[in-house]
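Q: Sequence:
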Amino acid sequence: MTRGNQRELARERNMKKQQAAQKKNKEDGLTHEQRKQRDADIMRQKQQKKEQDKLPATKS
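The numbering of the sequence shown is UniProt numbering, which starts it at 1 and goes up by one.
The set of hints was computed from the structure by calculation and includes no laboratory data. Don't take every hint at face value.
[Stated by the list, open to error] Here are the simulated lysine-lysine pairs, DSSO-like style, with alpha carbons at most 30 Å apart:
#, residue 1, residue 2
1, K16, K36
2, K36, K46
3, K54, K24
4, K24, K50
5, K17, K36
In this text the structure is predicted, and so the values were computed from the model without any measurement.
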């Protein structure tokens, strides 16, 4: 009978895990397009910062 109990416990843990993942994904409340735009802006900022960090090193 322990195997049946393990199965039930595993199901409960998995359901909690899935609910937490769904909650995390929906947290920002943005549409797909808004999220895509936000991520693109973040990546542009990272690229600009990396390029700025690279420039002073080449002048020295």
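Q: Going through the numbered hints above, which ones does this structure break? Give me the numbers in ascending order.
A: Violated hint: only 3; rest satisfied.
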